[in-house]
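Undergrad: What follows is each chain in one-letter form.
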Amino acid sequence: MALWEQLGLRRSHGVGQAGWCWTLVAAIVSVIYFFPVLWIILTAFKSYGDALAVPPKFIFTPTLDNFVAVFSRAYSSGSKAQDTGFSLYFFNSIFISGTSVMLALIIGTLAAFGFSRYPLKGNDIYLFVILTTRMLPAIVVIIPIFLMFRVVGLSGTYAGIIFLYTAFNLPFAIWMMKSFFDELSPDVEDAARLDGSSDRGVFFKICLPQVKAGLAATAVFGLILTWNEFLFALLLGGIETRTVPVAMAQTVGGDIGVRWGLLAAIETLFLIPVILVTFALQEYLLRGVTFGTIKR
Amino acid sequence: MSTIALRRLTKRFGNFVAVREVDLDVAAGEVVCLLGPSGCGKTTTLRMIAGLERATAGDVVIAGRRMNALKPERRNVAMVFQFYALYPALTVAENIAFPLPAERIDGAERRRRLQRVAKILHLEAVLDRLPAEISEGERQRVAVARAIVRDPNCFLFDEPLSRLDIELRQTMRSQIKEVLSGLSKATVIVTHDQLEALTMADRIAVMRDGMIEQLGSPHEVFTRPANVFVAGFIGTPQMNLIEADLVRVENGCAVVVLGGREIELAVDGAVARLESEKVTIGIRPRAFAPIDRPAPDTLTAVAELIEPMGAETLVHARGETGQDIRVVLPRERRISVGETLHLRCDARQTHVFSASGQAVRS
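Heads up: the sequence lines are chains A and B, in that order.
Count along the first sequence from 1, then add 39; that gives the number in the numbering used here.
Count along the second sequence from 1, then add 26; that gives the number in the numbering used here.
Calculated from the structure, these hints are not laboratory results.
Nothing here was measured: the structure is a model prediction, and the numbers come from that model.
The beta carbon of each residue, even a glycine, is placed where N, CA and C say it ideally should be.
Hints should not be assumed to be uniformly reliable.
In silico PhoX-like pairs for lysine-lysine, Cα to Cα no more than 25 Å straight-line [claimed, not checked]:
| # | chain 1 | residue 1 | chain 2 | residue 2 |
| --- | --- | --- | --- | --- |
| 1 | B | LYS203 | B | LYS145 |
| 2 | B | LYS97 | A | LYS160 |
| 3 | B | LYS97 | A | LYS244 |
Some chain A residues near chain B, calculated using beta-carbon distances under 10 Å [as the list claims (entries may be wrong)]:
| # | residue |
| --- | --- |
| 4 | SER224 |
| 5 | VAL227 |
| 6 | ALA231 |
| 7 | ARG232 |
| 8 | ASP234 |
| 9 | GLY235 |
| 10 | LYS244 |
| 11 | LYS251 |
Produce the entire structure from the sequences given, and follow the hints as far as they go.
TA: Here it is in C-alpha cells:
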C-alpha cells in the first residue's frame with residue numbers, strides 16, 4: 040500500500056479536491072518557503088532597535104522610516120537628508136530588465152520559429168552551440184567581456200548592459216520558444232495558408248497567439264534572471280546605469296553598522312515588480328512551465 | 027470553371043515514390059474520392075493539389091490554370107483537414123470568417139456569409155466560443171463552414187469524418203453531400219473508409235502504392251473491380267478470393283480444379299480467352315445462393331463460425347481446399363456450426379482474375 044493511503048491521504052487531481060491532510064502539508068511547506076521573504080517584509084517595517092532585537096520580535100510597532108530612508112536619508116548623524124539615488128537605480132533595474140527581456144523575447148521567438156519551421160542543415164548543431172554559451176559560469180567570461188566592452192566603449196552604458204542581458208537571455212528564449220512552436224499542429228498553419236495567409240500572417244495571426252503561455256513563461260524567467268543579476272551589473276555598469284542589486288550591496292556598510300531595516304525595505308520594494316509581473320502572467324505561467332502538457 | 031486536372035503527377039521523397047504518374051480529371055460539381063489503404067499516396071496527392079507539397083513531376087491544373095509553382099495561398103483552394111486545423115486562439119465566428127479578408131470580403135457581406143454558413147451547418151449557437159469549448163461534431167462542422175464560406179476554385183477534404191463516431195459520421199456524410207451538391211465545385215475527398223467513398227463520391231479512384239488502380243463510379247468499382255486488389259478492398263464483408271487452376275472453358279462455364287475436384291462455374295464469356303492457368307475467382311459473400319444438394323457448379327464449405335449481424339448472418343465457412351469462405355445469408359435462413367453448405371453463384375457475380383491479377387471480362 041502506498042504511503043499516502045496508509046496515512047489516509049488520497050491522490051487529488053484538481054484544485055479543491057485535495058484532502059485536508061494534503062492541504063495542511065502544502066500550507067506547512069509554503070510557510071517554510073515563504074518565511075525568509077516574510078521576515079524581510081516584517082523587518083522592513085521595524086525600527087533599528089526592533090530589527091536587531093533578540094529574541095526576534097514578531098509583534099512590534101510598524102514604521103515607514105526605512106522606506107523613506109531608501110530614497111532620502113542623512114549619511115552621517117546631524118547632516119541634512121539627501122537623495123540616495125535609489126529612484127534612478129529602480130528605474131535602471133526596470134528599464135534594463137524590461138528592455139533586455141523584451142529584446143530577447145522578440146529575437147528569440149523569431150529565431151525559434153525559424154529553427155522550428157525552416158530547419159537548416161545542421162539545425163541541431165546550431166541549437167547546441169547556442170546553448171553552450173550558457174554552459175560556462177559567468178565569472179569565466181567576465182574578464183574578456185569587460186575588456187571588449189572597454190574597447191568598444193560599451194562599459195557603463197545602458198546599451199552595453201542591455202545588450203549583454205539580451206545575449207544572456209537569448210539561448211533560453213530560443214530553446215523554450217522552439218519547444219512551444221514544435222508542439223503546434225502544422226495542419227493549422229497549412230490551413231491558414233490555404234485560407235490566403237502569407238508566411239507573416241501565419242506567424243502573427245496563427246502561431247503567436249498559440250504560444251502565449253510560452254511567451255509568458257520565458258518572459259518571467261528572463262525577468263527574474265536579469266532582475267537579480269549582480270556580477271555583470273557590478274563590473275560593467277557605470278554610476279548612471281547602476282541597478283538595484285549593486286546599489287543594495289553598496290548600501291550594506293555604514294558608519295553605524297548594517298541597517299537591516301533599510302536593506303529589508305529596499306528588498307521589499309525590489310520584490311514588488313517581480314511579484315506583480317508573475318501574478319499578471321499567472322494564468323499562462325502554469326501552462327508555460329509545464330510545457331509538455333499543452334493539449335492539442 | 028471549377029475543375030481539377032492532374033497530369034502524370036508524381037511525388038518522390040528521396041528514393042520512395044509516394045505518387046506515381048497519376049492522371050485524374052474532376053469536373054465542375056463532381057465529387058471524386060481518393061480511396062486506399064494508408065500509405066497509398068492519397069493524402070500526398072491531395073496536398074499536391076493544395077500546394078502544400080511540391081510535385082516532383084507532372085502538372086496540377088486547377089480551373090484551367092497550371093498551378094505547380096503557385097504557393098497554397100495563391101491557389102484559392104478550400105481544404106478541410108483530418109484534424110480540422112481550427113485556429114485555437116480564434117472564436118468559431120473568427121475561424122469561419124478567417125479566409126474572407128484574403129478574398130477582399132469585409133463588412134456587411136462578411137457578416138452575411140458568416141450567418142449563412144452558420145445557419146446551414148447549425149453553428150449559430152456556438153459562434154462566440156473557442157474551438158476548445160465545442161464538441162467534436164461541432165468542430166468538424168466549423169471546419170466545413172470555413173471551407174464553404176469562400177468561393178474557391180475547388181474543395182479538398184482529407185479524411186473529413188474519421189474522427190467522428192459512427193452515428194455522427196452518418197449525419198455528416200449526408201450533410202456534406204447535400205452542401206456540396208449545391209455548390210457545383212470540383213471536389214476531392216480523401217478517405218480510407220470505403221463506405222464514405224461509396225456514399226459520397228460521384229467517382230472513386232482506388233489507389234495503391236501511389237497509383238490509381240481503378241477509377242469509376244461507386245457502382246462500377248463495386249460491381250466490376252478492375253483487379254484483385256480493388257476486388258478485395260471494396261465491399262464488406264470482403265470478397266472471397268479463391269485461387270484455382272483453370273482447366274477449360276465450355277458453354278459459358280469455366281471448369282476449375284479446387285481441392286482435386288472439378289467445378290463448373292458460370293462466368294463471363296471473355297474468360298474463354300484464358301488458356302489453362304492459375305486464376306483467382308472472386309465472389310462476394312452476398313452473391314452466394316445456398317442450395318440443398320451438391321451440383322457440378324457448387325462450392326462446398328462447412329460452416330465454422332456464425333456471426334449474426336441483425337438483418338443478415340455472416341458465416342465463416344471452410345472450403346474444400348481449406349480456405350476461408352465468407353457467406354452472408356438472410357436472417358431467415360437458419361444455420362448451425364458444422365453444417366455443409368452447397369454454394370452456387372451466377373455468372374454476373376463471379377469475377378475471374380488472371381494470374382497477373384487483372385479482371386477478365388468482356
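Undergrad: None of the hints should be skipped; say for each whether it holds.
TA: Evaluated hints:
no.	hint	in the structure
1	B:LYS203 to B:LYS145	16 Å, holds
2	B:LYS97 to A:LYS160	23 Å, holds
3	B:LYS97 to A:LYS244	19 Å, holds
4	SER224	7 Å, holds
5	VAL227	5 Å, holds
6	ALA231	7 Å, holds
7	ARG232	4 Å, holds
8	ASP234	4 Å, holds
9	GLY235	2 Å, holds
10	LYS244	8 Å, holds
11	LYS251	8 Å, holds
When held up to the earlier numbered hints, the structure conflicts with none and fits them all.
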